[in-house]
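Protein chains in written order, with my numbering: chain V, 257 to 601; chain Z, 257 to 601.
Note that these hints are calculated values from the structure, not bench results.
Among the hints, a few may not be true.
One copy or two, either will do: identical chains are not told apart, so a pair holds if it fits within one copy or between any two.
[To be verified] Here are the simulated SDA-like pairs of lysine to any residue, each with C-alpha atoms no more than 25 Å apart in a straight line:
| hint | residue 1 | residue 2 |
| --- | --- | --- |
| 1 | 277 | 537 |
| 2 | 281 | 534 |
| 3 | 414 | 523 |
| 4 | 414 | 311 |
| 5 | 429 | 579 |
| 6 | 429 | 301 |
| 7 | 414 | 305 |
| 8 | 373 | 571 |
| 9 | 538 | 304 |
| 10 | 277 | 398 |
| 11 | 277 | 308 |
| 12 | 469 | 523 |
| 13 | 538 | 563 |
| 14 | 322 | 437 |
| 15 | 373 | 307 |
| 16 | 469 | 305 |
| 17 | 277 | 340 |
There are 2 protein chains.
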Amino acid sequence: MDSANIDTVRPAPDATPELVKADVKALVSLCEPDMVDINALITARMRSEVAVIPALAAHLIAAGGKRLRPLLCVAAARLCGTTNTHHHNFSAAVEFIHTATLLHDDVVDSSQLRRGKVAAHLIWGAPSSVLVGDFLFARAFELMVETGSLRSLDILSKASAIITQGEVLQLMKAFDLTLTQADYIEIISSKTAALFSAASESGAVASGASEEKIRALYSYGMNLGLAFQIQDDILDYQGDAADLGKNAGDDFAEGKSTLPLILAMAATSGSDSAFWERTVGKREQKPGDFQHAQGLMISSGALDAARSVARGYADMARAALSLFDQGAWRQALESLAVYSVERQT
Amino acid sequence: MDSANIDTVRPAPDATPELVKADVKALVSLCEPDMVDINALITARMRSEVAVIPALAAHLIAAGGKRLRPLLCVAAARLCGTTNTHHHNFSAAVEFIHTATLLHDDVVDSSQLRRGKVAAHLIWGAPSSVLVGDFLFARAFELMVETGSLRSLDILSKASAIITQGEVLQLMKAFDLTLTQADYIEIISSKTAALFSAASESGAVASGASEEKIRALYSYGMNLGLAFQIQDDILDYQGDAADLGKNAGDDFAEGKSTLPLILAMAATSGSDSAFWERTVGKREQKPGDFQHAQGLMISSGALDAARSVARGYADMARAALSLFDQGAWRQALESLAVYSVERQT
Numbered sequence: 257m258d259s260a261n262i263d264t265v266r267p268a269p270d271a272t273p274e275l276v277k278a279d280v281k282a283l284v285s286l287c288e289p290d291m292v293d294i295n296a297l298i299t300a301r302m303r304s305e306v307a308v309i310p311a312l313a314a315h316l317i318a319a320g321g322k323r324l325r326p327l328l329c330v331a332a333a334r335l336c337g338t339t340n341t342h343h344h345n346f347s348a349a350v351e352f353i354h355t356a357t358l359l360h361d362d363v364v365d366s367s368q369l370r371r372g373k374v375a376a377h378l379i380w381g382a383p384s385s386v387l388v389g390d391f392l393f394a395r396a397f398e399l400m401v402e403t404g405s406l407r408s409l410d411i412l413s414k415a416s417a418i419i420t421q422g423e424v425l426q427l428m429k430a431f432d433l434t435l436t437q438a439d440y441i442e443i444i445s446s447k448t449a450a451l452f453s454a455a456s457e458s459g460a461v462a463s464g465a466s467e468e469k470i471r472a473l474y475s476y477g478m479n480l481g482l483a484f485q486i487q488d489d490i491l492d493y494q495g496d497a498a499d500l501g502k503n504a505g506d507d508f509a510e511g512k513s514t515l516p517l518i519l520a521m522a523a524t525s526g527s528d529s530a531f532w533e534r535t536v537g538k539r540e541q542k543p544g545d546f547q548h549a550q551g552l553m554i555s556s557g558a559l560d561a562a563r564s565v566a567r568g569y570a571d572m573a574r575a576a577l578s579l580f581d582q583g584a585w586r587q588a589l590e591s592l593a594v595y596s597v598e599r600q601t
Numbered sequence: 257m258d259s260a261n262i263d264t265v266r267p268a269p270d271a272t273p274e275l276v277k278a279d280v281k282a283l284v285s286l287c288e289p290d291m292v293d294i295n296a297l298i299t300a301r302m303r304s305e306v307a308v309i310p311a312l313a314a315h316l317i318a319a320g321g322k323r324l325r326p327l328l329c330v331a332a333a334r335l336c337g338t339t340n341t342h343h344h345n346f347s348a349a350v351e352f353i354h355t356a357t358l359l360h361d362d363v364v365d366s367s368q369l370r371r372g373k374v375a376a377h378l379i380w381g382a383p384s385s386v387l388v389g390d391f392l393f394a395r396a397f398e399l400m401v402e403t404g405s406l407r408s409l410d411i412l413s414k415a416s417a418i419i420t421q422g423e424v425l426q427l428m429k430a431f432d433l434t435l436t437q438a439d440y441i442e443i444i445s446s447k448t449a450a451l452f453s454a455a456s457e458s459g460a461v462a463s464g465a466s467e468e469k470i471r472a473l474y475s476y477g478m479n480l481g482l483a484f485q486i487q488d489d490i491l492d493y494q495g496d497a498a499d500l501g502k503n504a505g506d507d508f509a510e511g512k513s514t515l516p517l518i519l520a521m522a523a524t525s526g527s528d529s530a531f532w533e534r535t536v537g538k539r540e541q542k543p544g545d546f547q548h549a550q551g552l553m554i555s556s557g558a559l560d561a562a563r564s565v566a567r568g569y570a571d572m573a574r575a576a577l578s579l580f581d582q583g584a585w586r587q588a589l590e591s592l593a594v595y596s597v598e599r600q601t
């Protein structure tokens with residue numbers, strides 16, 4: 257049934273990559289039949305006799321988010337013409353791993369909001385958030401083991417270790433004014449892009465794709481993840497809490513050395529340098545500082561430069577798909593790459 | 257090389273189970289060649305470019321503890337005559353999972369001491385403890401995946417989910433005076449015995465043992481874990497901080513409904529009941545309360561009764577080994593079962 261779906265939605269062969277629109281809807285629509293099963297699997301595996309576990313997990317998972325990682329896994333498997341449903345298990349697993357890291361991150365960062373809702377640790381307490389994160393992580397591995405795909409298990413267990421190293425590195429480097437652009441890329445490669453690439457790579461592996469296609473989808477996910485995270489970090493200096501579903505200005509308040517901040521600091525001097533030294537270096541922030549920071553981000557050209565870097569990664573993501581035939585799945589993934597850097601929420 | 261070791265240490269065939277001594281040394285000695293490799297593997301896999309990770313992990317892992325779970329895994333594999341070294345990976349993995357849960361537990365419980373050292377979160381902060389725990393958990397799965405033993409992976413991923421459910425259940429039931437003995441057994445089956453049984457079962461599975469032997473070693477681990485945890489909970493009302501390497505009285509201070517407390521409350525009335533209601537039910541504790549609680553534990557016979565329950569589980573653990581031939585490994589595991597309930601530290 258699933259391979260029939262692919263053929264019926266194949267677009268005109270003359271689709272021009274250059275005209276690709278920033279759009280996630282095409283991908284969501286293509287993935288819908290798979291996502292129905294995946295969402296059912298997610299709900300089933302959140303269950304526990306210990307009532308607080310599904311309640312807390314549902315608070316975050318039901319709030320939605322973009323489900324980008326499951327979509328990536330499904331699209332990779334479908335693009336490679338999978339004939340099994342292993343990608344359902346891997347999709348649920350990557351969403352669980354992602355949710356677990358969000359739960360732990362919010363405890364680590366003492367965040368107030370997540371996906372437009374009060375952060376779970378403020379409702380159920382940090383201990384429950386830590387333990388339910390652990391539970392989801394364990395459940396993710398149960399889901400993977402059921403497929404019997406050792407190679408996908410290898411990919412996702414390695415990615416999980418890389419993610420936590422990225423998180424720790426970011427924690428160590430908070431309020432560190434000496435962080436370079438290369439350090440930043442290393443951090444977001446680990447903490448964000450590693451799970452994007454693991455999602456697409458494991459989807460390809462689970463479908464029995466060729467090594468060439470597996471490498472291409474790994475590269476797509478990695479570059480997409482980098483583009484996506486940079487745009488996230490840009491939006492943190494642009495949006496407000498209502499738009500983003502999280503606190504805009506959080507990165508500034510936490511002193512996170514993101515690309516906009518690194519580029520802005522590199523491009524400023526004099527009293528502006530003193531501003532960054534006080535607000536980020538010494539963590540002395542007062543009302544109005546964030547708005548001043550936003551102004552400096554624009555006037556220094558830092559936001560534009562960061563956007564340009566993000567677009568470069570999005571272009572690389574699209575280029576990685578060149579070995580695949582034109583078709584609905586490829587086009588949807590290209591649109592996702594453009595969307596990742598053009599989105600405003 | 258390894259099967260030779262087994263034969264050379266085989267004891268006289270007339271060893272009598274009834275005379276088994278409370279002893280962990282025989283097991284430690286038998287496992288030493290394996291443990292050299294396992295400790296090297298543990299050290300190698302703690303490594304990370306992010307310096308705080310090995311530093312924090314080493315603080316806990318190097319502090320030692322009894323390494324009971326790796327010893328169990330090795331003994332199970334050797335008892336079943338394994339001819340490979342998969343049990344090295346599983347032993348390192350169970351130690352990592354155990355260490356990860358300790359790191360998270362100490363954050364959850366705000367514990368001050370662990371293995372006689374200041375708890376890691378008080379040195380590196382709770383965020384680092386949470387993330388390094390996650391790192392070790394991910395590394396555990398990497399180690400398991402390398403063996404290619406899907407069934408052992410299945411056992412340990414399921415055990416990981418069960419452990420976290422037990423932890424959450426315990427958290428929810430803190431200061432709950434209505435907790436029954438059955439609730440308590442359910443909690444410790446999950447939070448402690450599940451990893452003991454997974455260690456011994458996965459060792460048996462990795463060795464290619466028969467279903468009968470796998471079941472027997474699962475049962476041994478489960479009953480040993482129950483006995484071990486009950487004795488731990490008894491010691492929390494007996495020992496002092498210096499002896500135990502953790503805070504004696506912690507359970508009382510945290511209002512943990514352990515078997516000694518459940519039995520003591522069931523056996524007391526009048527002013528003693530009011531004491532438990534105030535100190536555990538209402539969390540109103542003052543200096544001298546713990547010493548009074550210790551006194552009630554003895555006078556009510558609760559500690560003796562708890563000890564009797566623990567001995568019952570230790571006996572069941574020993575009984576589970578009856579289908580194995582007499583020999584050094586079986587005898588060492590029997591001694592471990594007796595040791596688990598007779599130890600004073």
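#### Entry: Hint check, failures only
Of the numbered hints given earlier, those the structure breaks are 1, 2, 3, 5, 8, 9, 10, 11, 12, 13, 14, 16 and 17, listed in rising order.
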